[in-house]
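Residue numbers (my numbering), protein chains in the order written: chain A, 1 to 284; chain B, 285 to 562.
It cannot be assumed that every hint is accurate.
Calculated pairs, SDA-like style, for lysine to any residue (alpha carbon to alpha carbon, straight line, at most 25 Å) [to be verified]:
1. K241/A / T325/B
2. K337/B / T355/B
3. K189/A / L176/A
4. K241/A / R89/A
5. K551/B / A483/B
6. K509/B / F490/B
7. K241/A / I22/A
8. K215/A / Y422/B
9. K241/A / G304/B
10. K509/B / G389/B
11. K509/B / W246/A
12. K509/B / S346/B
13. K551/B / L76/A
14. K551/B / T97/A
15. K551/B / P141/A
16. K241/A / L229/A
17. K337/B / D117/A
18. K215/A / S295/B
19. K241/A / N420/B
20. K215/A / A54/A
21. K337/B / W112/A
22. K189/A / F524/B
23. K460/B / F490/B
24. K215/A / N420/B
25. K189/A / D418/B
26. K509/B / G521/B
27. K509/B / Y422/B
28. K215/A / L486/B
29. K551/B / M479/B
30. K241/A / T307/B
31. K551/B / K241/A
32. K241/A / R44/A
33. K241/A / N424/B
34. K189/A / H169/A
35. K215/A / N245/A
36. K189/A / K215/A
37. K337/B / A124/A
38. K551/B / V541/B
39. K241/A / P141/A
40. K215/A / G518/B
FYI, nobody ran anything at the bench for these hints, they're computed from the structure.
Here is how the chains run, residue by residue.
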Amino acid sequence: MFVAPAILVYFGLTAYPAFRTIFDSFFTINGPGDTVFAGIQNYRDLWHDEIFWAAVRNTFIWSFIAPFLDVGTGLLLALALYAGVPFARFFRVAWFTPVLLSYVVVAILWMWIYNYDWGFVNIALRTLGLGSLAQSWLGNPNTALAALIVTHAWKWAGFNMVVCLAAIHSLPSEVLEASELDNCGWGAKLRYIIVPMLRPTLLNLYILAFIGKMKIFDLVWIMTQGGPLWSTETVSTYVYKRAFNWNTFDLGYPSAIAAVWFGVVCAAVLLLNRLLASRERLEF
Amino acid sequence: MITTSLPRLFSRGTLAAIIGLYTFYTLAPFVWLATMSVRTTGEISLDHYAWPKPFHWGQFRSAWIDSDFATYFWNSTIVVTSAVVVVTLIGAAAAHCLARFRFAGNRLIYGILFSSIIFPPQITLISLYQILVDYNLYDNLFGLTLVYISLQLPLTVYLLEGFFARIPQDLFDAAKIDGYGDIEIFWRIVLPVGMPAIATTLILNFIQLWNEFLFAVVLITDPSKRTLPIGIRGFMGDHFQDIGLIATGVMISVIPVIVVYMFFSEKLIRGMTAGAIK
Numbered sequence: 001m002f003v004a005p006a007i008l009v010y011f012g013l014t015a016y017p018a019f020r021t022i023f024d025s026f027f028t029i030n031g032p033g034d035t036v037f038a039g040i041q042n043y044r045d046l047w048h049d050e051i052f053w054a055a056v057r058n059t060f061i062w063s064f065i066a067p068f069l070d071v072g073t074g075l076l077l078a079l080a081l082y083a084g085v086p087f088a089r090f091f092r093v094a095w096f097t098p099v100l101l102s103y104v105v106v107a108i109l110w111m112w113i114y115n116y117d118w119g120f121v122n123i124a125l126r127t128l129g130l131g132s133l134a135q136s137w138l139g140n141p142n143t144a145l146a147a148l149i150v151t152h153a154w155k156w157a158g159f160n161m162v163v164c165l166a167a168i169h170s171l172p173s174e175v176l177e178a179s180e181l182d183n184c185g186w187g188a189k190l191r192y193i194i195v196p197m198l199r200p201t202l203l204n205l206y207i208l209a210f211i212g213k214m215k216i217f218d219l220v221w222i223m224t225q226g227g228p229l230w231s232t233e234t235v236s237t238y239v240y241k242r243a244f245n246w247n248t249f250d251l252g253y254p255s256a257i258a259a260v261w262f263g264v265v266c267a268a269v270l271l272l273n274r275l276l277a278s279r280e281r282l283e284f
Numbered sequence: 285m286i287t288t289s290l291p292r293l294f295s296r297g298t299l300a301a302i303i304g305l306y307t308f309y310t311l312a313p314f315v316w317l318a319t320m321s322v323r324t325t326g327e328i329s330l331d332h333y334a335w336p337k338p339f340h341w342g343q344f345r346s347a348w349i350d351s352d353f354a355t356y357f358w359n360s361t362i363v364v365t366s367a368v369v370v371v372t373l374i375g376a377a378a379a380h381c382l383a384r385f386r387f388a389g390n391r392l393i394y395g396i397l398f399s400s401i402i403f404p405p406q407i408t409l410i411s412l413y414q415i416l417v418d419y420n421l422y423d424n425l426f427g428l429t430l431v432y433i434s435l436q437l438p439l440t441v442y443l444l445e446g447f448f449a450r451i452p453q454d455l456f457d458a459a460k461i462d463g464y465g466d467i468e469i470f471w472r473i474v475l476p477v478g479m480p481a482i483a484t485t486l487i488l489n490f491i492q493l494w495n496e497f498l499f500a501v502v503l504i505t506d507p508s509k510r511t512l513p514i515g516i517r518g519f520m521g522d523h524f525q526d527i528g529l530i531a532t533g534v535m536i537s538v539i540p541v542i543v544v545y546m547f548f549s550e551k552l553i554r555g556m557t558a559g560a561i562k
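All chains should be modelled from the sequences, with the hints used to inform the complete structure.
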C-alpha cells in the first residue's frame, strides 16, 4: 500500500510521541529508569504555578488580539495593490519576503532595531525630538510584549496580504462598480461591501494566525527568553524552560503543561471555528 | 487587467504613501542587514547606518571558515535536503493513495493526518527527545532528519492530495490497459503529471525546514552538528558584540532562501498560501 510509509512515520513520530507525552504527564521523570508515578500532582502544581498563568495570559493576549493587526494590515495592503498601482507584482513579491525569513533572522534584526543606543526606533524618536520616549523596548516589562507582537506582525503581514489579494480578485467586480456609481466613499465600501464579502477569508486568516500564535516559541526565545519578569513568557517557552533549560530534571511536569496546552489549542480552534464561521468549513 | 474600470479605494496620495512606507518598512531592515554583513564591527559601531566603504567581502570568508558557518551550512543542507526528498516521496505516495483509491478509512486517515497540523509542537517535543535518546539518535543529524520528515508530512499530503485528486481518471484507466502496475503508474504518471504541485511542496518544505529552530535546538547539542538557525544563535551567544560577523552569518543563512525566492517567487507564494485560499 502506498499510504503505509506515511502512516508508519505518522504513528511512530507524531501519534506515539503525543500519547507518550500525555502518559508522561502523570509521572515525575528524573531521567531514564527513574520514573515515579505522580498521579495528578503535576496538574495540581500547574494550577498554582504563577509563571504558567503569566504565560497563558501573554499567549492569549497575543493569540486573540494580534491577529487583528496581521489581518488588518494584510487587508489594507491588498486593497492598496488592488487599487491598481504600477509594479503591483513587484510590491507583492517584496512585501511577502519577510514571511520567508527564519525567526532567528527576524529576531536578530529586530533586536538591533530595538537596541537602546543605536536601534532604528530610538534614533528615529530622538531625531524627531521625542527622545524622552526612547527606551529599552525589550528590556521594559511594559513594552516587551508589544514589541514582540509588532515584530511578529512584520513577518506575517505579507502572507495575509497575498491571501486577501487573491480573495479580492475573485470578488465579482460588478458589485464594486455598482458601489462606485452610488458614490460610495471608500470607508463605506470597505465596511459594507468588501469586508462582508471577504468574511470567510478573513475569518480563515484569523484562525490561522491564532493557531500560529498559540504555538509561538522561536521569536520569543531568541529575543527575550520570556523576560523581563515573565512579561513575554509564552506557554511554549515555559515548556521548553522546564524541560530543557532549567536544571529541574523532570520531564513529567512540562509534559503536563504540553498536554494541557494541547487540549486548550484544540478546544480553542474548534470553538472559534464554531463561533465565527458556523457555515464555513475550516480549511488550512 | 483594465485598471481604469476598477474602483478607487484610496486617493492617489494616500496610496503612494501607504505603498512607499510599507515597502520601506519591509525592505529597509533587510538592506540594513546586508550592508552590515560587509562591514567590520569596528566600522559599524562608529555609524550603524553608513553605507559600506569599502566592501569587506572578507567577512564572509572569516564567517565561513573561522567561525564554523561552513559546518552549519552543510549540516543544514544535508538534513534539509534528505528530509525534503523523503517526505516528498512518502507524502506523494500517500496522497496518491488517498486521492485515487476508495477504501474504508480513507477519509479517516486523511482527517487524522490533517488534524495534526494544528498540534502545538510541545505535545511531541518532549517525548521525541526521550525516544531519540532511547534509540541513540539524540544529538544526531539522522535523528533530526527523521523528525523533520514527520513534521512536514501532514502539510505535504494535504497539498498534494488536493492536486492529485484533480488528475483525470482516464489517464489511469489508459495506463492500466497498457499493462502498467501500480508502482509504474505512480512513477510514470502521478509523479510527472503532478510535478507542478510537487515542485511547490519541495520548495515550501525546503524553506520551512531550512528555518526550523525549535526541534533543532532541543535535539542537537554538539556544536559541530548544529544547523544554521541554532548555529547563528550559538554564535550570537558567544560573540554578542560582534555585530558585523553576526550579520554576515545571518546573510549566509538568508542567501539560499532569497535565491530560491528570486527564481520561484510565484510558486513559493502559492505554496505558502495554498492552505488559506479556497
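Now the hints, each set against the structure:
1. K241/A / T325/B: Violated, at roughly 32 Å.
2. K337/B / T355/B: Violated, at roughly 29 Å.
3. K189/A / L176/A: Satisfied, since the Cα-Cα distance of roughly 8 Å is no more than 25 Å.
4. K241/A / R89/A: The hint is violated at about 43 Å.
5. K551/B / A483/B: holds (8 Å)
6. K509/B / F490/B: Distance of about 19 Å is within 25 Å: holds.
7. K241/A / I22/A: Answer holds: K241/A to I22/A is near 18 Å, not above 25 Å.
8. K215/A / Y422/B: holds (23 Å)
9. K241/A / G304/B: violated (41 Å)
10. K509/B / G389/B: Given pair K509/B, G389/B is violated - Cα atoms ~41 Å apart, limit 25 Å.
11. K509/B / W246/A: Distance ~23 Å between K509/B and W246/A Cα, so the pair holds.
12. K509/B / S346/B: holds (19 Å)
13. K551/B / L76/A: With a Cα-Cα distance of about 24 Å, the restraint between K551/B and L76/A holds, given a limit of 25 Å.
14. K551/B / T97/A: holds (13 Å)
15. K551/B / P141/A: violated (41 Å)
16. K241/A / L229/A: Distance of about 14 Å is within 25 Å: holds.
17. K337/B / D117/A: holds (23 Å)
18. K215/A / S295/B: violated (39 Å)
19. K241/A / N420/B: holds (23 Å)
20. K215/A / A54/A: Distance ~15 Å between K215/A and A54/A Cα, so the pair holds.
21. K337/B / W112/A: Given that 25 Å is the threshold and the Cα spacing comes to 21 Å, the pair holds.
22. K189/A / F524/B: Given that 25 Å is the threshold and the Cα spacing comes to 50 Å, the pair is violated.
23. K460/B / F490/B: violated (34 Å)
24. K215/A / N420/B: This hinted pair is violated, its Cα atoms lying about 28 Å apart.
25. K189/A / D418/B: violated (61 Å)
26. K509/B / G521/B: holds (17 Å)
27. K509/B / Y422/B: With a Cα-Cα distance of about 11 Å, the restraint between K509/B and Y422/B holds, given a limit of 25 Å.
28. K215/A / L486/B: OK: K215/A and L486/B at ~24 Å, within 25 Å.
29. K551/B / M479/B: Holds, at roughly 12 Å.
30. K241/A / T307/B: violated (37 Å)
31. K551/B / K241/A: Violated, at about 38 Å.
32. K241/A / R44/A: The hint holds at about 19 Å.
33. K241/A / N424/B: The given pair, whose Cα atoms are some 22 Å apart, holds under the 25 Å limit.
34. K189/A / H169/A: Distance of about 15 Å is within 25 Å: holds.
35. K215/A / N245/A: holds (18 Å)
36. K189/A / K215/A: Measuring from Cα to Cα gives roughly 35 Å; hence the hint is violated.
37. K337/B / A124/A: holds (24 Å)
38. K551/B / V541/B: holds (13 Å)
39. K241/A / P141/A: Roughly 19 Å separates the two Cα atoms, so the pair holds.
40. K215/A / G518/B: holds (23 Å)
Hint compliance for this structure: hints 1, 2, 4, 9, 10, 15, 18, 22, 23, 24, 25, 30, 31 and 36 are not met, and every other hint is.
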